[in-house]
Amino acid sequence: MSNPSDLKYTESHEWVRIDGETATIGITAHAAASLSDLVFLELPDVGDTVSSGDSFGEIESVKAVSDLKSPVNGEVTGSNHALEDDLKVINADPYGDGWLIKVTTSEIPGGLMDVSAYEQHVAAEA
Amino acid sequence: MTYVQNTEQNQADMLAAIGMASTDELWKVIPEDCLFDGSLDVGPALTEDSLVRHMREIAKRNVTADDMPSFLGAGAYRHFCPALVDNLVSRTEFWTAYTPYQPEASQGTLTTIYEFQTLMCRITGMEVSNASVYDGATAVIEGVMLALRAKRKAKRVLVSKGLHPDTLAVLHTYLKHLDIDVVEVDLVDGATPTEAISGDAVAAVAFQSPNFYGVLEDVTALSAAAHELEALSVVSVDPISLSVIEAPGKQGADVVCGEGTPMGNEPWYGGPGFGFLCSKMDMVRQMPARIAGETTDDDGNRAVVLTFQTREQHIRRKKATSNICTSQQLMALRATIWASLLGKQGFADLGKTNLSRAHYAAKRLAELPGWSLTYPERSFFKEFCVTTPLPAAELNDRLLKEHGILGGFDLGRLDEKRKNDWLVSVTDLVTREDIDRLVDALQGMA
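Top line first, the protein sequences correspond to chains U and W.
Heads up: the first sequence runs through residues 1 to 126, numbered per the numbering used here.
Heads up: the second sequence runs through residues 127 to 572, numbered per the numbering used here.
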C-alpha cells in the first residue's frame, strides 16, 4: 500500500492530515501490517486534550500492546469509536475509514516527516 | 530436599575451580567494618544425638494454635483443612517457580490456574479472576490501581478505615508517589457510612466486608454510592464469609478481592498466603498479572494458555498493568484442592459452623457482667468486637498464663483509646467447649 504524499508522518508510525485547524490522525499501513491481527483499540473521547508526543490511546494486536502517540497538541473533536467493533478496517483502509481521531489544533509541531522521509525511516528500521 | 555434601575436599575443589586459596577470599568484597568479628554464641559443637535432644527441648517451649483454643484473628484465620490438601500439593509436578509461558509443556499447571479462576469467580459472583497475587493487601491495591486505569481522568480514591490497617498502610505506600488523592473514610458505629461516599473525580471506593472490626458492610448501598460518583466499587472480602453471604458480584461490586489464606492455607508464621482479584469481563484488559484462558490446540483439543500477556511486564515493560505482582501458585492451588474437597455443600456447612459458633460466643460474652458488644446493631460473620471491663491486654495475658487460652486482638494496640475493646475471632476450629472454657475463665477474672 502506498503512503499518501499529502500527509505528515511520525517516527512512531502515526500519520496526520492537516486541513485548516483540523488534524486527522491514524496509524500507517506499515504499522497496521506490523501489528497484524488487531484485537483491541482504546481511543480518547471528544473534548479530551492531546499533547504532541504523548499517548492518546492504545492499540493491541495478538503480538503487542502499543501506545498511540499524538503528532499534535489540541482538543479531540472526533473519535472513531466505530472501529472498536471492526478493527479490520484499520488494516484494510488505514488512511481512509481507518482514521482514529480528529483534533483541533492551531500549530503544527516541527519534526514531522514528509512521505519520502517516512519511507526512508521505515526502510532504515527494517 | 536433596542431600548436598560439603566435605573439605569439595571445598578445595570449588576454590580451585574459581582460583581462590580460601573461603575468606570470597568475603574480601565486604568492607571490614561490616564483617562479624568474633565467635557465635552457640557453645561447643555437639554430637548429632545431643544436638537433636537439645533442639527438642527448645521446640517443646513452642506453643501453637493447635495446642490451645485460639480466638485471635484480625486478618489471619485458621479453618479446617483436610489432610489430603497437604498430600496432593506435595506432588513434585507442582513444585516449580517456573511461569507456564509454554502451554505445550504446562497444561497441568495451566489447568490448575484455570480451575482456581473458575472457583474464585463462582464464589465472588464475578466474571474474571487472575491467577492470584501476593496477598490480601496487594490484591486490594491492585484492585484500586485497576480502577484508576479504568477511570483515567479520576485521580481520587476513597478508602474505608474498615480496611485492615496493614492494607491501608500498603495502599499509602503504593500511592504515595503517584498523583493520587487518597481520602480515608471514618467509620460510624463500626461501619462505613454511605453518606461519606462523595466527591468528584473519584475512581474507586474501596472497603472491606466483613471489615477489620468484623462488621458486615452494606455492599449494595456502598457500591451504589460509588456508581453515583461514576467510581468503581472495590470490595475486599473474607472468602469463607461468601459461603453464607450473597456474593459481592451480585451486590454491585466491580472488583472483589482479598486474602485467600483462609481457604486451604494456614496463618503459619505470617505467610506464605495469596491474594485473589476478580472483576467484570469489561475490565479484563485492566486486570494485572497472569490469566489462564481456555482455547483449542491445532487438533481441536481443549487447551489452556496464559492470555493477555501483551499487557504483562515481560512484554510491556514499564507500561504493564502492574510491575509489582506475581501469582502465588502453590498457595492458590491449595485453595483449589481445598474447595474441591469441601464441595459446594461442605463450603456452605463450614460457613454455617463459623456463623453459629461466633454468634454463640458473642452472646455468651455479652452476658458477662460489665461486658457488651461494641456494635450491637451491626451484623457479623465470624469475628466481632466486645467492650470489656478490663483492658484487653490484661485479659490476653491472664488467659494465656492462667488458662492456656489464646485471646482475641487487643484493639488498644492500634488506638490507645480502645484498650478495652477486644476483637474476637471464632472459626470452625474453635469448639463450643472452647467457648465455654473462655467464658468460665473470664467469669473468674471480674
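The hints are simulated quantities; they were obtained by calculation from the structure and are not laboratory data.
Keep in mind that a hint or two might mislead.
[As the list claims (entries may be wrong)] Taking lysine-lysine and the BS3-like style, the derived pairs with C-alpha atoms no more than 27 Å apart in a straight line are:
{"hint": "1", "chain 1": "W", "residue 1": "281", "chain 2": "W", "residue 2": "406"}
{"hint": "2", "chain 1": "W", "residue 1": "281", "chain 2": "W", "residue 2": "445"}
{"hint": "3", "chain 1": "W", "residue 1": "279", "chain 2": "U", "residue 2": "69"}
{"hint": "4", "chain 1": "W", "residue 1": "277", "chain 2": "U", "residue 2": "69"}
{"hint": "5", "chain 1": "W", "residue 1": "302", "chain 2": "U", "residue 2": "88"}
{"hint": "6", "chain 1": "W", "residue 1": "186", "chain 2": "U", "residue 2": "102"}
{"hint": "7", "chain 1": "U", "residue 1": "102", "chain 2": "W", "residue 2": "302"}
{"hint": "8", "chain 1": "W", "residue 1": "444", "chain 2": "U", "residue 2": "69"}
{"hint": "9", "chain 1": "W", "residue 1": "281", "chain 2": "U", "residue 2": "69"}
{"hint": "10", "chain 1": "U", "residue 1": "102", "chain 2": "W", "residue 2": "406"}
{"hint": "11", "chain 1": "U", "residue 1": "102", "chain 2": "U", "residue 2": "88"}
{"hint": "12", "chain 1": "W", "residue 1": "545", "chain 2": "U", "residue 2": "69"}
{"hint": "13", "chain 1": "U", "residue 1": "88", "chain 2": "W", "residue 2": "287"}
{"hint": "14", "chain 1": "W", "residue 1": "277", "chain 2": "U", "residue 2": "63"}
{"hint": "15", "chain 1": "U", "residue 1": "102", "chain 2": "W", "residue 2": "287"}
{"hint": "16", "chain 1": "W", "residue 1": "186", "chain 2": "W", "residue 2": "287"}
{"hint": "17", "chain 1": "W", "residue 1": "445", "chain 2": "W", "residue 2": "470"}
{"hint": "18", "chain 1": "W", "residue 1": "186", "chain 2": "W", "residue 2": "444"}
{"hint": "19", "chain 1": "W", "residue 1": "154", "chain 2": "W", "residue 2": "186"}
{"hint": "20", "chain 1": "W", "residue 1": "489", "chain 2": "W", "residue 2": "444"}
{"hint": "21", "chain 1": "W", "residue 1": "287", "chain 2": "W", "residue 2": "543"}
{"hint": "22", "chain 1": "W", "residue 1": "406", "chain 2": "W", "residue 2": "287"}
{"hint": "23", "chain 1": "W", "residue 1": "543", "chain 2": "U", "residue 2": "63"}
{"hint": "24", "chain 1": "W", "residue 1": "287", "chain 2": "W", "residue 2": "277"}
{"hint": "25", "chain 1": "U", "residue 1": "63", "chain 2": "W", "residue 2": "527"}
{"hint": "26", "chain 1": "W", "residue 1": "287", "chain 2": "U", "residue 2": "63"}
So, going through the hints one by one against the coordinates:
1. As the CA atoms of residue 281 of chain W and residue 406 of chain W are separated by approximately 21 Å, the hinted pair is consistent with the 27 Å bound.
2. In summary, the hint linking residue 281 of chain W to residue 445 of chain W is supported, as the alpha carbons are separated by about 18 Å, within the 27 Å threshold.
3. For the hint linking residue 279 of chain W to residue 69 of chain U, the alpha-carbon distance of about 18 Å falls within 27 Å, and the restraint holds.
4. Note on residue 277 of chain W and residue 69 of chain U: the hinted pairing holds, with a Cα-Cα distance of about 20 Å set against a maximum of 27 Å.
5. Among the hinted pairs, residue 302 of chain W with residue 88 of chain U is inconsistent with the structure: their alpha-carbon atoms are about 42 Å apart, more than 27 Å.
6. With a C-alpha separation of about 75 Å, the suggested pairing of residue 186 of chain W with residue 102 of chain U is violated against the 27 Å cut-off.
7. For the hint linking residue 102 of chain U to residue 302 of chain W, the alpha-carbon distance of about 36 Å lies beyond 27 Å, and the restraint is violated.
8. Only pairs whose Cα atoms come within 27 Å are accepted, and residue 444 of chain W paired with residue 69 of chain U is accepted, the gap being roughly 16 Å.
9. Note on residue 281 of chain W and residue 69 of chain U: the hinted pairing holds, with a Cα-Cα distance of about 22 Å set against a maximum of 27 Å.
10. Distance restraint check for residue 102 of chain U and residue 406 of chain W: the Cα-Cα separation of roughly 31 Å exceeds the 27 Å cut-off, and the hinted pair is therefore not satisfied.
11. Between residue 102 of chain U and residue 88 of chain U the CA atoms are separated by roughly 20 Å; this keeps the pair inside 27 Å, and the hint holds.
12. Our distance criterion of 27 Å between C-alpha atoms is broken by residue 545 of chain W and residue 69 of chain U, whose separation comes to about 57 Å.
13. Between residue 88 of chain U and residue 287 of chain W the CA atoms are separated by roughly 48 Å; this puts the pair beyond 27 Å, and the hint is violated.
14. Between residue 277 of chain W and residue 63 of chain U, the direct Cα distance comes to roughly 26 Å. Compliance with the 27 Å bound is thereby established for this hinted pair.
15. Restraint check: the Cα-Cα separation between residue 102 of chain U and residue 287 of chain W comes to about 44 Å, which exceeds 27 Å; the hinted pair is violated.
16. For the hint linking residue 186 of chain W to residue 287 of chain W, the alpha-carbon distance of about 40 Å lies beyond 27 Å, and the restraint is violated.
17. Our distance criterion of 27 Å between C-alpha atoms is broken by residue 445 of chain W and residue 470 of chain W, whose separation comes to about 40 Å.
18. A distance of roughly 50 Å separates the Cα atoms of residue 186 of chain W and residue 444 of chain W; the hinted pair therefore is violated under the 27 Å criterion.
19. At roughly 41 Å between alpha-carbon atoms, residue 154 of chain W and residue 186 of chain W are farther apart than 27 Å, so this suggested pair is violated.
20. About 53 Å separates the Cα atoms of residue 489 of chain W and residue 444 of chain W, which puts this hinted pair outside 27 Å; it is violated.
21. Simply put, residue 287 of chain W and residue 543 of chain W have alpha-carbon atoms about 16 Å apart, close enough for the 27 Å limit, and the pair holds.
22. Of the supplied pair hints, the one linking residue 406 of chain W and residue 287 of chain W holds, its CA atoms being roughly 25 Å apart against a limit of 27 Å.
23. Pair hint residue 543 of chain W plus residue 63 of chain U does not hold up; C-alpha atoms about 57 Å apart against a cutoff of 27 Å.
24. Proximity of residue 287 of chain W to residue 277 of chain W is assessed by CA-CA distance (about 23 Å); at most 27 Å being required, the pair is judged to hold.
25. With a C-alpha separation of about 63 Å, the suggested pairing of residue 63 of chain U with residue 527 of chain W is violated against the 27 Å cut-off.
26. Using a Cα cut-off of 27 Å, the hinted pair residue 287 of chain W and residue 63 of chain U is violated, with the two alpha carbons roughly 42 Å apart.
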